[in-house]
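Work out the full structure: start from the sequences and follow the hints.
There are 10 protein chains.
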Amino acid sequence: MAQIETFDNPHPGRDYVIRHVAPEFTSVCPKTGQPDYGTITVEYVAAAACIELKSLKLYFQAYRNRGVFYEDVVNRILDDLVAACGPKRMTVTGEFTPRGGIHSTVTASYPA
Amino acid sequence: MAQIETFDNPHPGRDYVIRHVAPEFTSVCPKTGQPDYGTITVEYVAAAACIELKSLKLYFQAYRNRGVFYEDVVNRILDDLVAACGPKRMTVTGEFTPRGGIHSTVTASYPA
Amino acid sequence: MAQIETFDNPHPGRDYVIRHVAPEFTSVCPKTGQPDYGTITVEYVAAAACIELKSLKLYFQAYRNRGVFYEDVVNRILDDLVAACGPKRMTVTGEFTPRGGIHSTVTASYPA
Amino acid sequence: MAQIETFDNPHPGRDYVIRHVAPEFTSVCPKTGQPDYGTITVEYVAAAACIELKSLKLYFQAYRNRGVFYEDVVNRILDDLVAACGPKRMTVTGEFTPRGGIHSTVTASYPA
Amino acid sequence: MAQIETFDNPHPGRDYVIRHVAPEFTSVCPKTGQPDYGTITVEYVAAAACIELKSLKLYFQAYRNRGVFYEDVVNRILDDLVAACGPKRMTVTGEFTPRGGIHSTVTASYPA
Amino acid sequence: MAQIETFDNPHPGRDYVIRHVAPEFTSVCPKTGQPDYGTITVEYVAAAACIELKSLKLYFQAYRNRGVFYEDVVNRILDDLVAACGPKRMTVTGEFTPRGGIHSTVTASYPA
Amino acid sequence: MAQIETFDNPHPGRDYVIRHVAPEFTSVCPKTGQPDYGTITVEYVAAAACIELKSLKLYFQAYRNRGVFYEDVVNRILDDLVAACGPKRMTVTGEFTPRGGIHSTVTASYPA
Amino acid sequence: MAQIETFDNPHPGRDYVIRHVAPEFTSVCPKTGQPDYGTITVEYVAAAACIELKSLKLYFQAYRNRGVFYEDVVNRILDDLVAACGPKRMTVTGEFTPRGGIHSTVTASYPA
Amino acid sequence: MAQIETFDNPHPGRDYVIRHVAPEFTSVCPKTGQPDYGTITVEYVAAAACIELKSLKLYFQAYRNRGVFYEDVVNRILDDLVAACGPKRMTVTGEFTPRGGIHSTVTASYPA
Amino acid sequence: MAQIETFDNPHPGRDYVIRHVAPEFTSVCPKTGQPDYGTITVEYVAAAACIELKSLKLYFQAYRNRGVFYEDVVNRILDDLVAACGPKRMTVTGEFTPRGGIHSTVTASYPA
Chain A
543 MAQIETFDNP HPGRDYVIRH VAPEFTSVCP KTGQPDYGTI TVEYVAAAAC IELKSLKLYF
603 QAYRNRGVFY EDVVNRILDD LVAACGPKRM TVTGEFTPRG GIHSTVTASY PA
Chain B
543 MAQIETFDNP HPGRDYVIRH VAPEFTSVCP KTGQPDYGTI TVEYVAAAAC IELKSLKLYF
603 QAYRNRGVFY EDVVNRILDD LVAACGPKRM TVTGEFTPRG GIHSTVTASY PA
Chain C
543 MAQIETFDNP HPGRDYVIRH VAPEFTSVCP KTGQPDYGTI TVEYVAAAAC IELKSLKLYF
603 QAYRNRGVFY EDVVNRILDD LVAACGPKRM TVTGEFTPRG GIHSTVTASY PA
Chain D
543 MAQIETFDNP HPGRDYVIRH VAPEFTSVCP KTGQPDYGTI TVEYVAAAAC IELKSLKLYF
603 QAYRNRGVFY EDVVNRILDD LVAACGPKRM TVTGEFTPRG GIHSTVTASY PA
Chain E
543 MAQIETFDNP HPGRDYVIRH VAPEFTSVCP KTGQPDYGTI TVEYVAAAAC IELKSLKLYF
603 QAYRNRGVFY EDVVNRILDD LVAACGPKRM TVTGEFTPRG GIHSTVTASY PA
Chain F
543 MAQIETFDNP HPGRDYVIRH VAPEFTSVCP KTGQPDYGTI TVEYVAAAAC IELKSLKLYF
603 QAYRNRGVFY EDVVNRILDD LVAACGPKRM TVTGEFTPRG GIHSTVTASY PA
Chain G
543 MAQIETFDNP HPGRDYVIRH VAPEFTSVCP KTGQPDYGTI TVEYVAAAAC IELKSLKLYF
603 QAYRNRGVFY EDVVNRILDD LVAACGPKRM TVTGEFTPRG GIHSTVTASY PA
Chain H
543 MAQIETFDNP HPGRDYVIRH VAPEFTSVCP KTGQPDYGTI TVEYVAAAAC IELKSLKLYF
603 QAYRNRGVFY EDVVNRILDD LVAACGPKRM TVTGEFTPRG GIHSTVTASY PA
Chain I
543 MAQIETFDNP HPGRDYVIRH VAPEFTSVCP KTGQPDYGTI TVEYVAAAAC IELKSLKLYF
603 QAYRNRGVFY EDVVNRILDD LVAACGPKRM TVTGEFTPRG GIHSTVTASY PA
Chain J
543 MAQIETFDNP HPGRDYVIRH VAPEFTSVCP KTGQPDYGTI TVEYVAAAAC IELKSLKLYF
603 QAYRNRGVFY EDVVNRILDD LVAACGPKRM TVTGEFTPRG GIHSTVTASY PA
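Residue numbers (our numbering), protein chains in the order written: chain A, 543 to 654; chain B, 543 to 654; chain C, 543 to 654; chain D, 543 to 654; chain E, 543 to 654; chain F, 543 to 654; chain G, 543 to 654; chain H, 543 to 654; chain I, 543 to 654; chain J, 543 to 654.
Derived by calculation from the structure, the hints in this document are not laboratory data. Here the structure is a predicted model, which is why all the values come from computation and not from measurement.
With beta-carbon atoms standing in for the labels, derived distance ranges:
1. Thr581(J) / Ala590(E): 44 to 54 Å
2. Asp622(C) / Ala604(D): 25 to 35 Å
3. Asn607(F) / Pro572(I): 41 to 51 Å
4. Thr581(J) / Thr581(E): 27 to 37 Å
5. Arg608(G) / Ala625(C): 49 to 59 Å
6. Thr633(E) / Thr639(B): 19 to 29 Å
7. Gly575(I) / Val559(H): 42 to 52 Å
List time: in silico BS3-like cross-link candidates among lysine-lysine, alpha-carbon distance up to 30 Å:
8. Lys596(J) / Lys596(A)
9. Lys596(H) / Lys599(B)
10. Lys630(G) / Lys573(J)
11. Lys596(D) / Lys596(F)
12. Lys573(C) / Lys599(F)
13. Lys630(C) / Lys630(F)
14. Lys573(A) / Lys599(A)
15. Lys599(H) / Lys630(H)
16. Lys599(G) / Lys573(G)
17. Lys596(G) / Lys596(I)
18. Lys573(F) / Lys599(F)
19. Lys599(E) / Lys573(B)
20. Lys596(I) / Lys599(G)
21. Lys596(J) / Lys630(J)
22. Lys573(E) / Lys599(H)
23. Lys573(E) / Lys596(H)
24. Lys596(F) / Lys599(D)
25. Lys630(F) / Lys573(C)
26. Lys599(H) / Lys573(A)
27. Lys599(F) / Lys599(G)
28. Lys599(G) / Lys630(G)
In this text, a Cβ means the ideal position worked out from N, Cα and C, and glycines have one as well.
Given below as structure tokens:
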């Protein structure tokens, strides 16, 4: 898995909100082998470290040919990003394009 | 009625939100025999089980030639999905296309 | 005035929300005699009875040639619908098209 | 029927285009007695006379309680306006709100 | 198949354009047995006869449980409507909701 | 300044919300002499008196050639309307078109 | 009337299109004394001279308290701008906000 | 490369237009190795054969990990589809998401 | 750095909300030297002083050729504006255009 | 000025259309010294050479601190790009954000 890099929070004395929206996320359905597409949104309040944007892009690209379910991918991204930057709080949302006429959204937060 | 299948919640230790939106719902008005059309949205927090997407699609398709009122269909879907997956909480919304120049929305939640 | 009909709430054991939106409402300004146009939205939680949709359409049509002010029409609709179905709660909103370059919205709720 | 008034074209030496859009048109279906709603658009090049706007509004209001089919109303408006102002050319379009899940548009032009 | 009814063109002396848009069309894929959904648009210039709107609605509803491909359904509707009303010209368009991440549109005209 | 007229609240026994939106507001910048443009929104709960719509239009028009800053105009309108109708509560918002590439919004409420 | 200034066309050897859109136009109805509002669009191919933007703004502002009809104002602007810059061709369009529920557009071109 | 399958044109006697829009196209930039994303639109008039939709989806998916430039991918798709179904005419358009703040569209047609 | 000017709050006795939106913000990425683009929104409740709009524009323009990260620029603007006008409360938001397919938003508030 | 690089047209035997849209263009007004902002669209049919996308981005960035009028910048970009890649035909459009309440668009084509 690609390494998520961080940099020092330039304003650690203030709680402020950072949001990154990645509309070009794609992975593979582990059941059908078909590609899935969606938008991943990460919103967090940093503690000591902020997520470096280019490494976040490479981290998302690492899912390109990996089989993972909707419910799983959002929780895994949350786990990985929390482990990488130790935020005060973080929410990850995945909005996926329609399959069988149904489109799905999954949202997970830390702390729960 | 089609069987709703489930799979094990891959992250049962965390409360997170799953939403499925089905814009191709259709049933039949029991009074006039005319088809009704609408969008059904299911939003829930899973406990042990998640709803399997393909069986959800087939469950919705089973309403295609069935006579049922707006107020009834939303409550029935909620009852069936709660029975199938035993969620921590769930909300079902049906937004129906205009009839007689009036368009209607019905929303029901579990627990009440 | 047209009679508002009701039918038995099919799920009286659960509080759920019903919304009807009527974008083809028209009445007459009692001051100028000019027609007014607007969208009436009714949102309520039923107790024992639900509002029947066709009778609601006819009830709205009965305002077609009747003179009534914006502030009055919304409150009257609320009074009539509350009297007809005895809901747990109800909100009526009227959004009217511009007159003299100003467009107006009136919203009333029961209980106050 | 309300009288359509005109005023002298202030720039008769130049062919230019005038368009009036009336989104608050309503008439009655002669078959069902139910109200119809739509937007009427009039686009024309004046010869000697322009259509006076307030009389056009009153002319449209005169359809409020009159039974007339979609195909008929657009052609009648075209006939009446051509008779009133003798334009070089004119197109009338009626876009009507859905009935039975189908919405209709009718467009007629002079000269044919 | 439902019978398409017509009525006498009220303004046969003038070529004018009639368009009906039906966003609630549904049929069944003959290959997979899954329902298809789409919007059918009919635009025509009548000769002696106009298409009656309620019979058009019932005609579209007759496809509800019938297996037919996208390319076929649009051409069949065109054939049936041309046969029913003998128009001067007609175009039928079907815009279908996504299947496998691809959405399709088919357009056919008479005369070719 | 134009006089704001009022009429008796037709439903004084119920707290309900009235909103008037005026997108054609214009005044003059006291510093540059250039015209300013914006949308004024008034939302209030009436006590004994409601604001008469035509006098509100004329009151807004009285700002047409008057020099006043954004921050000032919204507060003055609030003061004048509160004085005229003695509402239970009122909020006035002014949304102004861009100047120097920046667009501004000012919102003031009574009671503070 | 404000003076329209011009500057030398920097690329006179090539026919290219310049469009200016002014959404803050306002004048006064000569019949009712009420303000009118609209968007004026000027599109032209310059010959030797281009219209200077600030003087165009001041020219439009000069209509602020002047009584003029829709049909007249668009033709006058066209006449004034053609006189000022002698373009190869020019089109002026005025789109006005609704009066009496009807909104109007007037378009004039040079040469006719 | 995935095989594009075809089926017999069900209405070969009439020229009609088929359009398929695939918003989930992705390939890889041959220069940077970074993924590209875009929407591919195919519009054609069939001769004897129509493109089968599922094989078209698989054909597009075969570009997922292949390095190809924007200008090249659109022309290649056109070549492959023309070879597969021998259409009377066909246009392929690729609209790609921004890279370096610039978004690009390429359109190619057969016959040229 | 450009000086932020202020003027006396014309209604210091009332807490009201002022919002300025600047969609033409640009700075330079300190890592790549490439320009960044975004929209800065400032929302505050003034105490004794309001921010003068023209000096705010010049202050934003001073970032044009300055290297600064997303997370830093929003916090610096907040610090500078709080220092300049001593507001009761203020929120600054920066919404930046996509880089590497990801678009970012940063929001900071005073007091924290 | 930055050098525009090209690459060999991969399909020189076919005329096809390439469009690049750059919404992050900025330059400086030579009269006021204030920054201008806009979207530049380049649409062309290549002959032997295509414009390389990264060098196009750098070419646009070279205008960042350069004083140039709207009418001039669009024609200069057209001249430079025609000189660099010798296209069969090309159109350049600049759409600029409002100044003094007026927004402007300039479009130039080669060959004229």
